[in-house]
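K.L.:
Construct all of the structure, not just a fragment, from the sequences and the given hints.
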Amino acid sequence: MNLNAIRAIYLFEMNRFRRTIMQSVAAPVLSTSLYFIVFGSAIGSRIDTVEGIAYGAFIVPGLIMLTVITESLTNASFGIYLPKFQGTIYELLSAPVSAVETVIGYVGAAATKSFLIGCLILATARIFVDYTILHPLFTAAFLILTCTAFSLFGFIIGIWADSFQRLQLIPLMVVTPLAFLGGTFYSITMLPEPWDTVALFNPVLYLVSGFRWSFYGVADVAPLISLAMTGVFMLICLGVVAWIFRTGWRLKS
Amino acid sequence: MRPAAHAHPAPPPAGADDFVIRVEGLEKTYASGFKALETVDLAIRRGEIFALLGENGAGKSTLIGAICGLVRPSGGRILVDGHDAVADYRAVRAKIGLVPQELHVDSFERVMDTVAFSRGLFGKPRDPAFIEGILRELSLWEKRNDKIIALSGGMKRRLLIAKALAHEPTILFLDEPSAGVDVELRREMWQMVHRLRARGVTIILTTHYIEEAEEMADRVGVINKGEILLVEEKTTLMRKLGRRELTLHLREPLAALPDGVAGPALTLAEDGRSLTYVFDSQSEDTGIAGLLRSLAEAGIEVRDLATSESSLEEIFVSLVRGRPQ
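Going down the list, the sequences are from chains A and B. Numbering-wise, the UniProt record's numbering puts 13 at position 13 of the first sequence, and it's gapless, one number per residue. Numbering-wise, the UniProt record's numbering puts 307 at position 307 of the second sequence, and it's gapless, one number per residue.
FYI, nobody ran anything at the bench for these hints, they're computed from the structure. There's no promise every hint is true.
Unchecked claim - Here are the in silico distance ranges between beta carbons for each label pair:
no., chain 1, residue 1, chain 2, residue 2, range
1, A, 86, B, 141, 23 to 29 Å
2, A, 34, B, 86, 48 to 54 Å
3, B, 187, A, 177, 58 to 64 Å
We treat Cβ as the ideally placed atom computed from N, Cα and C, and that holds for glycine.
P.N.:
Laid out in structure tokens, this is it:
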């Protein structure tokens with residue numbers, strides 16, 4: 001195991017985040033705060049409760065998930081796309097570094113960053129609403145799993161993308177809609193037929209539902225199914241990454 | 001200088017042969033169907049400076065890329081110090097430093113950080129003193145805290161060399177090191193390469209500047225259309241293929257060569273004021289004495305004379321052009 005390489009990549013990526021601290025941390029915190037003000041306070045004050053939880057508190061887990069998913073995708077995809085774009089990837093390809101080490105370095109750094117942002121938003125939410133966390137270990141597990149799984153997914157997008165437009169394509173066109181429709185702002189029980197059934201095909205629903213369960217003990221789907229689905233998604237991403245490195249797809253000519 | 005001591009490569013293991021790199025039957029066909037390398041065989045000697053000469057698109061970068069791990073070979077194998085470049089890539093790549101042709105840099109990184117990153121990436125523990133030594137040697141120490149974007153093109157080129165040397169490689173690849181580099185920096189780089197060689201580093205450079213190969217290389221390989229046309233000691237190559245020319249400036253212009261003097265090796269300039277005689281400097285009898293005698297007998301007076309030998313460039317052009325296309 002080339003531990004020095006993992007450390008070099010990890011620190012390089014964390015350093016990049018530090019340099020861009022404004023975009024990296026301030027922006028997601030600001031935008032989430034806006035959600036709290038608009039949906040939580042302004043509109044939320046007109047909504048009674050959802051499944052017995054004050055609306056402002058109800059949206060906290062969903063908003064954290066929404067941000068963490070977006071951040072993981074953006075950070076991880078940009079992290080590996082940038083060397084491809086700049087051409088500096090030559091160094092990684094010529095280094096005595098295995099696929100596993102590369103992924104631990106890049107994905108680990110991206111996941112760390114989105115995990116930190118998730119925690120930061122959790123703290124920020126405290127300013128706006130009162131919430132409880134019933135199962136903190138599950139909260140942490142969901143958060144870490146989600147950060148890792150979506151950073152892996154972002155890594156794949158970064159390798160697949162051959163332009164900045166494409167880099168934005170999946171996060172904007174697929175993941176943001178899925179996150180919005182995944183019960184971030186509502187419970188799927190509030191949806192009419194057939195949409196409540198359709199929603200079950202949305203993978204993000206399982207993340208939000210499970211994560212919310214760890215806060216308030218109420219969920220749209222059983223929490224263990226949520227955890228399993230997140231795990232399965234991560235395994236699929238790992239499989240794709242393994243294939244990418246075995247074939248050199250989009251990395252080596 | 002202390003850091004230089006680090007750069008001494010370990011002596012070759014007992015039983016290691018003289019060739020540090022062996023390329024055997026290497027082939028590369030790109031997904032587009034373009035065949036960049038046709039069955040290439042090449043052996044690089046330990047500690048030599050090897051220049052790979054070829055025109056743009058001849059396959060130089062593909063060959064280097066295959067050895068360094070950037071290109072997946074379609075066939076054949078590469079051995080570095082006896083290690084297979086695919087199966088045992090860690091051992092192979094740890095020995096190799098690569099300076100790419102293009103100035104690929106992380107614009108917003110600091111000079112020192114990026115060199116330290118390279119060292120870590122290649123599996124070496126931190127060594128700030130060693131990094132300092134490299135940066136000083138490449139005149140980058142003053143810029144160590146600058147962002148790369150602020151560096152000039154020449155400094156970026158030096159930075160790429162610093163990055164390639166950061167993990168103390170015993171083999172250094174320089175892909176077109178002089179591309180877009182001014183004369184002074186080119187000289188500096190050549191000196192640097194000679195210093196590295198003195199420490200035992202094997203250096204392989206690709207170039208289409210013949211001057212560079214002529215100046216630096218111990219051996220020259222010529223690649224064209226994905227095939228190695230020849231590999232030869234530079235001096236042997238120049239001697240073997242090198243023609244010498246004797247130019248005789250005449251006191252009085254000649255309308256034509258007198259019968260007693262004319263021969264296939266001798267040509268008269270259009271203005272009739274000079275004669276050019278081509279000869280093989282290696283042969284026992286160059287024919288010069290006889291020529292001068294016959295000129296004297298014919299009453300042709302020589303005012304001045306000069307000799308020149310064909311450059312590597314002329315040799316190269318004749319090799320590449322002379323092949324059936």
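K.L.:
Give a verdict on every hint.
P.N.:
Hints versus structure:
1. A:86 to B:141: 23 to 29 Å: Taking Cβ atoms as reference, residue 86 of chain A and residue 141 of chain B lie about 24 Å apart, which means the hint holds.
2. A:34 to B:86: 48 to 54 Å: Holds, since residue 34 of chain A and residue 86 of chain B (Cβ atoms, about 52 Å apart) stay within the stated range.
3. B:187 to A:177: 58 to 64 Å: Since the Cβ atoms of residue 187 of chain B and residue 177 of chain A sit about 60 Å apart, the hinted range of 58 to 64 Å holds.
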